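Protein chains in written order, with the numbering used here: chain A, 1 to 151; chain B, 1001 to 1064.
You may find that some hints are simply not true.
Said to hold, decoys possible - Distance condition first, Cα-Cα at most 20 Å in a straight line; then the derived EDC-like pairs of lysine to aspartate or glutamate:
| # | chain 1 | residue 1 | chain 2 | residue 2 |
| --- | --- | --- | --- | --- |
| 1 | A | 81 | B | 1039 |
| 2 | B | 1006 | B | 1034 |
| 3 | B | 1037 | A | 78 |
Note that these hints are calculated values from the structure, not bench results. Fair warning: this is a prediction, and the values are worked out from it, not measured in the lab.
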Amino acid sequence: MIDPNTRRAWAYGGAAVGGALAIMLLPLLILGPVQPHRIVAIHPTRIVLTTVAVILAVAWGGWFTRLSYRHVDEFLREGSKFAWFWGGLLGIGVSTPLFAFIGLGGPHWLDPTQPVGLGLFHAFVLGYCVAIFPQVLCFLGVYVWWKRTKR
Amino acid sequence: MKNRLKVLRAERDWSQADLAQRLDVSRQSVNAIEVGKYDPSLPLAFRIARLFEQPIETIFLDDA
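The shape of chain A in the complex, shown without the other chains (with noise of 0.2 Å):
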């Protein structure tokens, strides 16, 4: 049997992501989906819409994900912490070869009908750094601010 507490995590939980979900498919229901040939020039409309919707999906999933946290025991705690920590290390140690193979050319290499070039490669390097430089520097950046707090 679940404890209500434990349920009560769960509940926020699965508010923070549905909820967050269903605000980043909004532009989706009031744009409709991107065309695949208009893909080069999507509308700023569409540009500020999303970009909108996606803080505020962050935003509510922040909000919820605190709730939930505050319900969630000390034992979960430490194994949500644990987790992050450690699974976040392995996941960035598993994307750097593959970050490396991916951006040198491996898929063109493996199939030669994948499409390569410089402007490819540029695309790939930015869309892995924005996906793991913020993570390392706010890790950082909690870590020094913790530190700080505990002198």
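Guided by the hints, dock chain B onto chain A, whose structure is given.
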């Protein structure tokens, strides 16, 4: 770290869920502490000691 949580719980005929409810933690927490896979924080150790009305050092036994 070893502990006598399982014995103390059994003496009172409480299930893990009963103890978890009294301590306001999950049943997984109680199980992990009992089998020695997780050492509780000091605040939780004090709550456990208060609940069983025993000093902490008689419930949690130092391995050293």
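Results for each hint:
For the hint pairing residue 81/A with residue 1039/B, the CA-to-CA distance comes to about 15 Å; that is within 20 Å, so the pair holds. Among the hinted pairs, residue 1006/B with residue 1034/B is consistent with the structure: their alpha-carbon atoms are about 6 Å apart, no more than 20 Å. Distance check on the hinted pair: residue 1037/B and residue 78/A sit about 12 Å apart at the alpha-carbon level, within 20 Å; holds.
Taken one by one, the earlier hints all hold for this structure without exception.
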